[in-house]
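Novice: Sequence:
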Amino acid sequence: MEEDAQDQHNQSNGSNDDNPNDDNEIITESSAVVRDEPLRDDKGPPKVDSEVEVLHEKVKKQVVKEGHGQKPAKFATCFLHYRAWVENSSHKFEDTWQEQRPVELILGKEKTEMTGLGIGVASMKSGEHALLHVGWELGYGKEGSFSFPNVPPMADLLYEVELIGYDEAKEGKARSDMTVEERIQAADGRKMEGNSYFKEEKLQEAMQQYEMVVNYKSPGFVHICFLLLFSVLQEVIMNVSFFCQAIAYMGDDFMFQLFGKYRDMALAVKNPCHLNMAACLIKLNQYEEAIGQCSIRPDK
Numbered sequence: 001m002e003e004d005a006q007d008q009h010n011q012s013n014g015s016n017d018d019n020p021n022d023d024n025e026i027i028t029e030s031s032a033v034v035r036d037e038p039l040r041d042d043k044g045p046p047k048v049d050s051e052v053e054v055l056h057e058k059v060k061k062q063v064v065k066e067g068h069g070q071k072p073a074k075f076a077t078c079f080l081h082y083r084a085w086v087e088n089s090s091h092k093f094e095d096t097w098q099e100q101r102p103v104e105l106i107l108g109k110e111k112t113e114m115t116g117l118g119i120g121v122a123s124m125k126s127g128e129h130a131l132l133h134v135g136w137e138l139g140y141g142k143e144g145s146f147s148f149p150n151v152p153p154m155a156d157l158l159y160e161v162e163l164i165g166y167d168e169a170k171e172g173k174a175r176s177d178m179t180v181e182e183r184i185q186a187a188d189g190r191k192m193e194g195n196s197y198f199k200e201e202k203l204q205e206a207m208q209q210y211e212m213v214v215n216y217k218s219p220g221f222v223h224i225c226f227l228l229l230f231s232v233l234q235e236v237i238m239n240v241s242f243f244c245q246a247i248a249y250m251g252d253d254f255m256f257q258l259f260g261k262y263r264d265m266a267l268a269v270k271n272p273c274h275l276n277m278a279a280c281l282i283k284l285n286q287y288e289e290a291i292g293q294c295s296i297r298p299d300k
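Read in order, the letters of the sequence shown correspond to residues 1 to 300 in full-length UniProt numbering.
Treat the hints with care, as some may be off.
Unchecked claim - Capping the alpha-carbon separation at 25 angstroms, the derived lysine-lysine pairs in PhoX-like fashion look like this: (1) Lys109 / Lys71; (2) Lys142 / Lys65; (3) Lys71 / Lys142.
What the hints assert, rightly or not - Ranges between beta-carbon positions, derived for each pair: (4) Gln98 / Ser196: 29 to 35 angstroms; (5) Lys283 / Gln100: 20 to 26 angstroms; (6) His68 / Lys109: 34 to 40 angstroms; (7) Met154 / Tyr262: 48 to 54 angstroms; (8) Glu137 / Glu182: 25 to 31 angstroms; (9) Lys74 / Lys142: 49 to 55 angstroms; (10) Asp264 / Val48: 42 to 48 angstroms; (11) Thr179 / Lys47: 21 to 27 angstroms; (12) Glu168 / Asp95: 35 to 41 angstroms; (13) Glu57 / Glu288: 20 to 26 angstroms; (14) Glu143 / Asn285: 28 to 34 angstroms; (15) Phe146 / Tyr262: 37 to 43 angstroms; (16) Pro152 / Met192: 35 to 41 angstroms.
Derived from the structure by calculation, the hints contain no laboratory data.
Being a predicted model, the structure only gives us computed values, none of them experimental.
Even glycine gets a Cβ: it sits at the ideal position worked out from N, Cα and C.
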């Protein structure tokens with residue numbers, strides 16, 4: 001039977017039981033972890049006095065909190081939270097922390113209006129928190145934004161960004177090309193990496209790994225289904241929803257469509273991550289967030 005993250009930590013300090021398969025169980029479902037970045041009610045961006053780093057003629061960065069490890073390479077899949085403002089104003093037009101879901105950004109394949117954001121993210125390390133100043137040429141351009149009416153034409157932008165983590169592109173295989181089994185295996189790898197960080201008391205790094213497993217969105221779902229419908233034999237088309245589940249780790253779009261042994265496999269990876277995050281949050285005295293991780297049912 002799997003054990004919780006705290007038991008793993010205790011065993012690593014005082015037990016000779018070397019069973020490598022001890023994980024952790026909890027009955028929960030997806031819940032975003034805000035960690036030391038609480039949602040703010042104020043309208044303006046944070047005040048930062050750190051040095052300004054010029055990344056591009058139209059992109060500048062100020063570090064709020066240092067990250068760790070290496071920077072993501074081109075075509076890496078990055079997971080991030082951000083808030084966005086029209087610079088020199090209080091017009092915040094997007095906030096993924098408020099939406100409680102990280103964003104996926106593939107470096108080198110960003111939408112045109114996210115070109116500047118992509119340049120900034122490429123300069124960051126996992127766990128880094130920064131302010132990005134982006135010129136209008138690498139944002140919403142001369143026309144402004146139809147989706148965000150308070151972004152006028154030729155508006156310079158300001159992003160407050162946290163890079164949660166990233167996956168490097170391996171052997172040219174995109175996330176959307178993975179089978180369900182491969183995606184679950186990749187998520188399990190994240191969980192185990194998080195467990196290692198937890199044992200080393202690197203709680204922020206551990207939660208970054210767990211959050212990448214349980215809070216991942218799944219863009220492109222309809223597009224992938226459409227392609228499958230026209231590329232497989234009739235008897236396989238009957239199972240198209242199964243293949244479509246391969247476009248996310250453990251996000252809602254992924255979990256809601258799993259059934260039978262595949263749902264059991266996914267839950268066996270997803271559930272321990274919630275308990276791990278709760279254990280980290282308790283150590284960080286963030287009790288309300290820890291309760292949230294323990295209060296949601298995966299079968300609902």
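Novice: Work down the list of hints and note, for each, if the structure agrees.
Specialist: Comparing the hints with the structure gives:
A distance of roughly 17 angstroms separates the Cα atoms of Lys109 and Lys71; the hinted pair therefore holds under the 25 angstroms criterion. In summary, the hint linking Lys142 to Lys65 is not supported, as the alpha carbons are separated by about 32 angstroms, beyond the 25 angstroms threshold. At roughly 31 angstroms between alpha-carbon atoms, Lys71 and Lys142 are farther apart than 25 angstroms, so this suggested pair is violated. In this structure the hint that Gln98 and Ser196 lie 29 to 35 angstroms apart at CB holds, the actual value being about 31 angstroms.
About 22 angstroms separates the C-beta atoms of Lys283 and Gln100, a value consistent with the hinted range of 20 to 26 angstroms. Checked against the given bound of 34 to 40 angstroms, the beta carbons of His68 and Lys109, roughly 25 angstroms apart, lie outside it. In this structure the supplied range 48 to 54 angstroms holds for Met154 paired with Tyr262, their Cβ-Cβ distance being about 49 angstroms. Our hint of 25 to 31 angstroms for Glu137 and Glu182 is violated, since their Cβ atoms are close to 39 angstroms apart.
Under the hint 49 to 55 angstroms, the C-beta atoms of Lys74 and Lys142, about 27 angstroms apart, miss the expected range. Between Asp264 and Val48, the C-beta spacing of about 46 angstroms keeps the proposed range 42 to 48 angstroms intact. Restraint check, Thr179 to Lys47: a C-beta distance of roughly 47 angstroms breaks the suggested window 21 to 27 angstroms. The given range of 35 to 41 angstroms is broken by Glu168 and Asp95, whose C-beta atoms sit roughly 28 angstroms from each other.
Taking 20 to 26 angstroms as the suggested C-beta distance range, the pair Glu57 and Glu288 does not conform, at roughly 44 angstroms. Between Glu143 and Asn285 the C-beta distance comes to about 47 angstroms, which lies outside the given range of 28 to 34 angstroms. As the Cβ distance of Phe146 to Tyr262 is approximately 39 angstroms, the hint placing it in 37 to 43 angstroms holds. The hint said 35 to 41 angstroms for the Cβ distance between Pro152 and Met192, and at roughly 47 angstroms that hint is violated.
The structure fails to meet hints 2, 3, 6, 8, 9, 11, 12, 13, 14 and 16 from the earlier list, while all remaining hints are met.
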